[in-house]
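For the sequence shown, the tail end lands on 263 under our numbering, and the numbers increase by one without skipping.
Treat the hints as calculated values from the structure; they're not laboratory data.
Each hint should be verified, as a subset may be incorrect.
What the hints assert, rightly or not - Pairs of lysine to any residue residues, derived as SDA-like cross-links and limited to a Cα-Cα distance of at most 20 Å, are as follows: (1) K185 / N206; (2) K159 / L72; (3) K147 / L222; (4) K173 / K185; (5) K185 / A158; (6) K173 / A158; (7) K132 / I162; (8) K185 / L222; (9) K124 / A143; (10) K118 / L108; (11) K118 / M64.
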Amino acid sequence: MNIPNVLSLGRIVLVPVFVILFFAAPDYSWVAALILMASGITDFLDGFIARKYNKITHLGKILDPLADKLTQLSVCICLAIRHKEFIIILCLLVAKEFIMLVAGYRLLRKGHKLPSSRWFGKVSTVVFYLVMIYAVFNVHISNMLLASLVWIMVGFAALAFILYIPEFFKLKNKETEGNKTCKEILKASVQQTDHTGHQS
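Using the sequences provided together with the hints, build the complete structure.
Set out below in structure tokens:
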């Protein structure tokens, strides 16, 4: 198991630790915030190391998004229990992940590749972590400020989701054209073989 995969596993392990600290030790919210910050940093590091040193593996392609989803859902659920403003984030996150899951499944079932991470997705993730860390750390945050931060996060998440839609269709069309080209070449080759056989 390489370093990026170990970091992804570490993020998964941090999820229950964060949840326990969030509810059991509200006076030490800064510790829970530090754990969330560590999760965000390792999220960046595992992807950076995997790409830079060519350490991308099939296991990593499963662990990394799994760690992302577990972390995001857990933090949203915790904050939604404490702050009703986060209920909308939780609902939107679940809806987005469901749509992405269905779209990804359809692409894979038809032999297409999933789109890789784009800059707008990374920016949305950074904004997510910044808002979440601040909300966890500042237990007595005002409702007005919290609502403003939540809607900023919703805006970035919605923008990233909208920008990913053409990426899915572009990849789907590209793969479809490639399959058509291969079929045409194969068909032409078969026809040429048959023609040569008849001439003989």
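Going down the list of hints, with the structure as the test:
1. K185 / N206: violated, 27 Å
2. K159 / L72: Violated, because 24 Å separates the two Cα atoms, which is more than 20 Å.
3. K147 / L222: violated, 23 Å
4. K173 / K185: The given pair, whose Cα atoms are some 27 Å apart, is violated under the 20 Å limit.
5. K185 / A158: holds, 19 Å
6. K173 / A158: violated, 23 Å
7. K132 / I162: holds, 14 Å
8. K185 / L222: Satisfied, since the Cα-Cα distance of roughly 12 Å is no more than 20 Å.
9. K124 / A143: Measuring from Cα to Cα gives roughly 29 Å; hence the hint is violated.
10. K118 / L108: holds, 12 Å
11. K118 / M64: holds, 10 Å
The structure fails to meet hints 1, 2, 3, 4, 6, 9 from the earlier list, while all remaining hints are met.
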